[in-house]
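This note's numbering puts the first residue of the sequence shown at 85, with every later residue one more than the last.
Just so you know, the hints here were simulated from the structure itself, not pulled from any lab data.
Every residue gets a Cβ at the ideal spot worked out from N, C-alpha and C, and that includes glycine.
The reader is advised that the hints may include incorrect statements.
[Stated by the list, open to error] In silico lysine-lysine, DSS-like type, Cα no more than 27 Å apart, as pairs:
id, residue 1, residue 2
1, K144, K197
2, K197, K162
3, K162, K144
4, K197, K153
[Unchecked claim] Computed spacing ranges between beta-carbons, pair by pair:
id, residue 1, residue 2, range
5, R145, A96, 19 to 29 Å
6, L248, Q154, 15 to 25 Å
7, D212, R145, 33 to 43 Å
8, R158, W250, 16 to 26 Å
9, E115, D175, 33 to 43 Å
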Amino acid sequence: MPPWDPVEGVTAPRRVEVHPGREAIVEFDPELTFECVPECTWCCHHGVLLYEEDFAELAKRENLNRSTKQLRGRDFVKREDKDREEHVDVDGRACHFLRDDGLCALHAEHDWKPTRCSVFPLSVSVVDGEIHVDVRDSARTYCEGLGVSDRRIVDHLDAFLPPLLWDLDDPTSDVVIE
85 MPPWDPVEGV TAPRRVEVHP GREAIVEFDP ELTFECVPEC TWCCHHGVLL YEEDFAELAK
145 RENLNRSTKQ LRGRDFVKRE DKDREEHVDV DGRACHFLRD DGLCALHAEH DWKPTRCSVF
205 PLSVSVVDGE IHVDVRDSAR TYCEGLGVSD RRIVDHLDAF LPPLLWDLDD PTSDVVIE
């Protein structure tokens, strides 16, 4: 299989075992690195789809009536107006759990985050019954954590892709809620 070609900007997909017996087709440069950067909360500007298992886990930690909404039969973490200028999208909104200090309340206070948050900055799709992962187009533009560390994404796919994804009928990550 030919390697990533930065001149052409095309990656040769490669099959990677993420968890025992669970593989993903990686469609991005295997040398690409990622590390969350302080003050960058771009990923928190989007609604978070909650899979059934995530919804149950969230219910153990937070008030679902205040923090979630249902849209088209699916559960999401609410995006809400934030009364500040930093850590918000251009519309002044962000994830319900984004604290004023720019940290996620779920991650900081409960050492947990929904599956969809773990996946970021990757995009998950299913092609011919197999999970494919790439870097979100929008993350390539806005995410400040790409390419800033020595932490290769491909070496840590198990942290980005929880085993739950292989048990879902449709783990596609790009679901627009608004």
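Checklist entry - Hint by hint, which ones does this structure get wrong, listed from lowest number up? => result 5
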